[in-house]
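Enquirer: Here's the letter readout for the chains.
Protein chains: 2
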Amino acid sequence: MITLYRSPGSCALASHIALEEAGADYTTVRIDFASGQQRSDAYLKVNPKGRVPALVTDRGVLTETPALLAFIAQNFPAARLAPLDDPFAFARVQEFNSFLCSTLHIAHAHRMRGHRWSDDPAAHEAMRRFVPQSVGAAWELVENTMFAGPWVMGDAYTICDPYLFTLARWMEGDGIDPARFPKVLNHRNRMAERPSVQKALAVEAG
Amino acid sequence: MITLYRSPGSCALASHIALEEAGADYTTVRIDFASGQQRSDAYLKVNPKGRVPALVTDRGVLTETPALLAFIAQNFPAARLAPLDDPFAFARVQEFNSFLCSTLHIAHAHRMRGHRWSDDPAAHEAMRRFVPQSVGAAWELVENTMFAGPWVMGDAYTICDPYLFTLARWMEGDGIDPARFPKVLNHRNRMAERPSVQKALAVEAG
Numbered sequence: 001m002i003t004l005y006r007s008p009g010s011c012a013l014a015s016h017i018a019l020e021e022a023g024a025d026y027t028t029v030r031i032d033f034a035s036g037q038q039r040s041d042a043y044l045k046v047n048p049k050g051r052v053p054a055l056v057t058d059r060g061v062l063t064e065t066p067a068l069l070a071f072i073a074q075n076f077p078a079a080r081l082a083p084l085d086d087p088f089a090f091a092r093v094q095e096f097n098s099f100l101c102s103t104l105h106i107a108h109a110h111r112m113r114g115h116r117w118s119d120d121p122a123a124h125e126a127m128r129r130f131v132p133q134s135v136g137a138a139w140e141l142v143e144n145t146m147f148a149g150p151w152v153m154g155d156a157y158t159i160c161d162p163y164l165f166t167l168a169r170w171m172e173g174d175g176i177d178p179a180r181f182p183k184v185l186n187h188r189n190r191m192a193e194r195p196s197v198q199k200a201l202a203v204e205a206g
Numbered sequence: 001m002i003t004l005y006r007s008p009g010s011c012a013l014a015s016h017i018a019l020e021e022a023g024a025d026y027t028t029v030r031i032d033f034a035s036g037q038q039r040s041d042a043y044l045k046v047n048p049k050g051r052v053p054a055l056v057t058d059r060g061v062l063t064e065t066p067a068l069l070a071f072i073a074q075n076f077p078a079a080r081l082a083p084l085d086d087p088f089a090f091a092r093v094q095e096f097n098s099f100l101c102s103t104l105h106i107a108h109a110h111r112m113r114g115h116r117w118s119d120d121p122a123a124h125e126a127m128r129r130f131v132p133q134s135v136g137a138a139w140e141l142v143e144n145t146m147f148a149g150p151w152v153m154g155d156a157y158t159i160c161d162p163y164l165f166t167l168a169r170w171m172e173g174d175g176i177d178p179a180r181f182p183k184v185l186n187h188r189n190r191m192a193e194r195p196s197v198q199k200a201l202a203v204e205a206g
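For the protein sequence lines, the chains are B and F, in the order given. Each residue of the first sequence is one higher than the one before, starting from 1 at the first, in the numbering used here. Each residue of the second sequence is one higher than the one before, starting from 1 at the first, in the numbering used here.
Among these hints, one or two may not hold up.
All copies of an identical chain are treated as equivalent in the list; a pair is satisfied when it fits inside any one copy or across any two copies.
As the list claims (entries may be wrong) - Each computed BS3-like pair below joins lysine-lysine, with the alpha-carbon atoms no more than 30 Å apart: (1) 183 - 49; (2) 183 - 45; (3) 199 - 45; (4) 199 - 183; (5) 199 - 49.
In short, the hints are calculated from the structure, not lab data. All values reported here derive from a predicted model rather than from experimental measurement.
Put together the whole structure using the sequences plus the hints.
Expert: As structure tokens, then:
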């Protein structure tokens with residue numbers, strides 16, 4: 001049994017969808033960010049970083065979305081969620097996920113989490129103002145240079161797809177008009193129709 | 001033949017060391033950041049993100065350090081640079097590298113590259129001031145919760161080690177006293193003695 005620690009609206013949704021699509025035997029635990037549960041002693045014992053997602057397995061705890069997604073793909077090979085037998089193709093998957101993690105998600109985080117990088121409220125406000133520009137530039141790279149179509153990597157659905165979907169749901173909140181990015185928007189709409197995605201979103205809403 | 005695009009002092013050093021330790025047939029090309037070569041039309045054709053590292057292979061170009069490191073480990077399995085046959089152990093490697101990429105490196109980047117997240121010079125200065133605190137907190141997590149020893153993952157040397165070494169060289173510039181982190185400092189000193197590291201550093205200095 002695998003347990004995913006998650007928070008609604010967070011990037012943990014990507015791993016949640018991937019677990020569902022992998023056919024994994026898993027459960028999820030909601031961490032309540034509004035009450036600061038991610039910084040509680042109990043949760044810091046699970047993940048000393050005080051973040052989600054965290055994946056508790058019988059071998060130990062794993063964190064960091066790109067690592068979780070690759071683990072799910074490798075641990076459930078029958079689900080064919082990544083090109084596991086081709087190091088170059090697998091690296092393309094990882095390159096995409098690493099960009100979402102370290103560039104797109106980070107740019108987004110400057111809207112609400114400026115305290116990670118400054119203790120000056122004026123700087124937080126300056127970061128917040130800039131989010132449409134920095135996040136927009138990252139989406140331009142995805143739309144114009146990274147998205148093969150119909151899925152992120154081309155004909156094969158991979159662990160890149162739930163991750164892209166998860167971050168694409170943040171566009172409007174970041175002041176981005178999704179219509180600027182028709183490939184990503186079309187992908188978001190198609191993802192929303194998948195039963196795995198609907199199930200994960202229903203659990204988040206529940 | 002593989003070609004690594006790199007810049008001295010950048011995180012490309014991690015992939016450079018890994019290629020050397022993999023026994024890869026490779027060459028490197030220096031991109032001159034001082035003259036803005038990373039934004040030149042010629043380089044943007046290699047990597048539209050205008051960053052290093054970029055790895056040119058006969059299959060195409062790969063970017064993002066965690067993806068490159070895993071690719072090098074998988075493409076040169078005889079070098080045993082990662083636990084390739086154990087999805088959980090491989091995920092631990094990836095978790096570590098993802099943290100360096102998306103938390104430690106990002107915190108560091110706020111010292112010199114605040115323009116990525118704001119257009120306000122006062123905010124850039126506020127970010128710069130906070131770097132010892134944010135980078136220091138990330139190093140505390142590495143020292144206290146992530147470093148198994150003697151190598152990052154324990155007895156086995158992996159692709160985590162050149163990445164840790166590369167970022168640990170930034171400590172003093174970030175206003176961090178390495179003596180606060182004895183495990184990481186000891187690791188940095190041992191890494192500096194490896195012929196592969198000395199060779200890569202000599203190429204950077206040349």
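Enquirer: State for each hint whether it applies.
Expert: Here is how each hint holds up against the structure:
In the homo-oligomer, the alpha carbons of residue 183 and residue 49 lie at most 30 Å apart only across protomers (19 Å), although the nearest pairing inside one protomer, at 34 Å, exceeds that limit. Proximity of residue 183 and residue 45 under a CA criterion of 30 Å is satisfied inter-copy only: 22 Å between copies versus 41 Å inside one chain copy. Taking CA atoms no more than 30 Å apart as the test, residue 199 paired with residue 45 passes inside one copy only; the shortest distance there is 29 Å, against 41 Å between copies. Taking the shortest alpha-carbon separations for residue 199 and residue 183, only the intra-copy value of 24 Å comes in at or below 30 Å, while the best inter-copy value is 44 Å.
In this assembly of identical chains, residue 199 and residue 49 lie within 30 Å of each other by CA distance solely inside one copy; the values are 28 Å within and 35 Å between copies.
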